[in-house]
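Participant: Here is how the chains run, residue by residue.
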Amino acid sequence: MAPWGERLAGVRGVLLDISGVLYDSGAGGGTAIAGSVEAVARLKGSRLKVRFCTNESQKSRAELVGQLRRLGFDISEGEVTAPAPAACQILKERGLRPYLLIHDGVRSEFDQIDTSNPNCVVIADAGESFSYQNMNNAFQVLMELENPVLISLGKGRYYKETSGLMLDVGPYMKALEYACGIKAEVVGKPSPEFFKSALQAIGVEAHQVVLSVY
Amino acid sequence: MATRHALEAVLVDLSGTLHIEDAAVPGAQEALKRLRGASVIVRFVTNTTKESKQDLLQRLRKLEFDISENEIFTSLTAARSLLKQKQVRPMLLVDDRALPDFKGIQTSDPNAVVIGLAPEHFHYQILNQAFWLLLDGAPLIAIHKARYYKRKDGLALGPGPFVTALEYATDTKATVVEKPETFFLEALRGTGCEPEEAVMIRDDCRDDVGGAQDVGMLASDEEKINPPPYLTYESFPHAVDHILQHLL
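Line by line, the protein sequences give chains A and B.
Residue numbers are given in full-length UniProt numbering: position 187 of the first sequence equals residue 187, and the series is strictly consecutive.
Residue numbers are given in full-length UniProt numbering: position 82 of the second sequence equals residue 82, and the series is strictly consecutive.
Calculated directly from the structure, the hints in this document are not laboratory data.
Source: prediction; values computed, not measured.
C-beta atoms are modelled at their ideal positions from N, C-alpha and C, and glycine is treated no differently.
Just to be clear, a hint being listed does not mean it is correct.
[Claimed, not checked] Just the calculated beta-carbon pair ranges, DEER-fashion: (1) B/Glu120 x A/Pro192: 37 to 43 Å; (2) A/Glu205 x B/Asn111: 49 to 55 Å; (3) A/Pro192 x B/Asn111: 53 to 59 Å; (4) B/Glu120 x A/Ser212: 38 to 44 Å; (5) A/Arg97 x B/Lys84: 48 to 54 Å; (6) B/Gly154 x A/Thr115: 17 to 23 Å; (7) B/His246 x A/Gly181: 40 to 46 Å; (8) A/Ser197 x B/Asp153: 21 to 27 Å; (9) B/Glu21 x A/Asn117: 36 to 42 Å; (10) A/Asp104 x B/Glu196: 56 to 62 Å; (11) B/Glu64 x A/Asn117: 53 to 59 Å; (12) A/Gly28 x B/Gln87: 39 to 45 Å.
Work out the full structure, taking the sequences as your base and the hints as a guide.
Facilitator: Here you go:
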């Protein structure tokens with residue numbers, strides 16, 4: 001058997017990225033990428049376990065899944081591993097109260113989190129909410145802390161929307177790192193913990209899975 | 001010490017050397033007159049990004065220094081010089097008060113990005129536009145990369161973080177105008193003198209003097225630097241004395 005064939009024989013699961021693989025985000029709910037709806041349907045119909053592993057942090061899982069379903073995708077909230085819930089887990093474990101430098105679209109993911117008297121900053125793909133004022137607020141919070149903690153949902157440089165390329169969370173994370181002389185903790189891809197939690201969710205091991213990313 | 005070339009140009013830092021705040025350094029006006037008596041080109045350099053040359057000129061003339069506008073070289077002048085040299089049309093993300101120093105430079109259909117201290121421009125849409133220009137190959141020119149500055153309401157983000165953001169997004173490096181190597185070379189460009197033929201007089205023991213040495217200039221400094229490879233003087237008048245007696 002060819003080497004690829006041997007490797008694929010042991011595959012039991014697939015981790016699918018969303019942006020750039022299933023669809024391009026943008027006005028009007030975005031656009032499905034040609035052939036993706038059918039591809040997901042075929043995977044779901046196979047013996048393979050399917051998990052959606054995204055760094056989407058501008059909207060909640062509910063909103064994202066809603067958009068994808070309207071585009072015809074067979075996907076549900078419980079099948080998605082996303083960074084905001086992962087970050088909430090960390091915040092709770094470490095007793096952290098964040099200043100949220102985020103887009104309003106993802107705020108609902110943080111409903112259970114205490115944001116009073118912040119002792120850390122959580123930065124996500126805030127898009128238009130990356131105003132100078134908001135960035136400065138986050139900066140001032142960090143500079144006041146004896147132990148500044150900056151949690152970044154991903155560190156992508158940019159992503160494609162239907163209207164063009166858009167600055168992602170990464171550049172703004174670097175901006176705060178530089179301004180404060182600190183290093184951010186990245187939650188989401190490409191952190192190994194994130195992939196591990198996606199694998200755990202479908203009960204497969206790393207060597208049994210294929211990744212589809214943009 | 002490296003072989004001494006004939007001295008052709010003297011760069012004089014303004015703040016701390018010719019004047020301290022609104023007071024002239026005692027004897028500095030007269031020392032400048034003596035320096036002008038020798039046949040060297042004199043240039044006045046300063047790291048300001050908010051005051052136009054007119055503002056500086058007014059301040060210095062009030063203190064009775066004999067200086068003309070085209071002898072003043074600021075970081076904005078350096079940026080302008082760089083733009084002319086690269087023959088590019090900039091998207092200017094600078095303070096409104098700095099715009100006069102870019103008069104005459106075409107800014108429509110930009111193919112370069114210049115970033116100064118201009119919080120009002122550091123919003124998502126504008127930075128994204130700058131990002132697109134950079135992806136198309138436009139050079140990124142930063143006046144400086146200050147992390148933050150002091151405002152009445154506390155510390156505020158400077159241009160540095162946003163320059164860093166764009167560098168990371170495009171995997172490129174900005175040309176930083178106030179980096180000593182860049183600044184001194186641009187200051188000398190208009191004089192037609194080589195670095196080996198120039199001397200820099202400033203009062204600061206920072207990077208700046210090191211940078212001057214790096215580009216081959218003899219650097220005089222008014223305070224001690226450890227280790228002291230430079231000649232040190234008490235003041236600008238003393239530095240001028242030394243130049244007139246030993247370097248011409």
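Participant: Work down the list of hints and note, for each, if the structure agrees.
Facilitator: Hint check results:
The beta-carbon spacing between B/Glu120 and A/Pro192, approximately 41 Å, falls within the hinted interval of 37 to 43 Å. Restraint check, A/Glu205 to B/Asn111: a C-beta distance of roughly 51 Å satisfies the suggested window 49 to 55 Å. Between A/Pro192 and B/Asn111 the C-beta distance comes to about 41 Å, which lies outside the given range of 53 to 59 Å. Take B/Glu120 and A/Ser212: their Cβ atoms lie about 42 Å apart, and the range 38 to 44 Å holds.
The hinted window of 48 to 54 Å between A/Arg97 and B/Lys84 holds, with their beta carbons roughly 51 Å apart. Distance hint for B/Gly154 and A/Thr115: a CB-CB separation of about 20 Å, consistent with the stated range 17 to 23 Å. About 43 Å separates the C-beta atoms of B/His246 and A/Gly181, a value consistent with the hinted range of 40 to 46 Å. The supplied range of 21 to 27 Å is broken by A/Ser197 and B/Asp153, whose beta-carbon atoms lie about 41 Å from each other.
For B/Glu21 and A/Asn117, the hinted distance range of 36 to 42 Å is satisfied, since their beta carbons lie about 41 Å from each other. For A/Asp104 and B/Glu196, the Cβ-Cβ distance of about 60 Å falls inside the hinted range of 56 to 62 Å, so the restraint holds. Between B/Glu64 and A/Asn117 the Cβ separation comes to about 56 Å, which falls inside the hinted range of 53 to 59 Å. At roughly 42 Å, the beta carbons of A/Gly28 and B/Gln87 sit within the given window of 39 to 45 Å.
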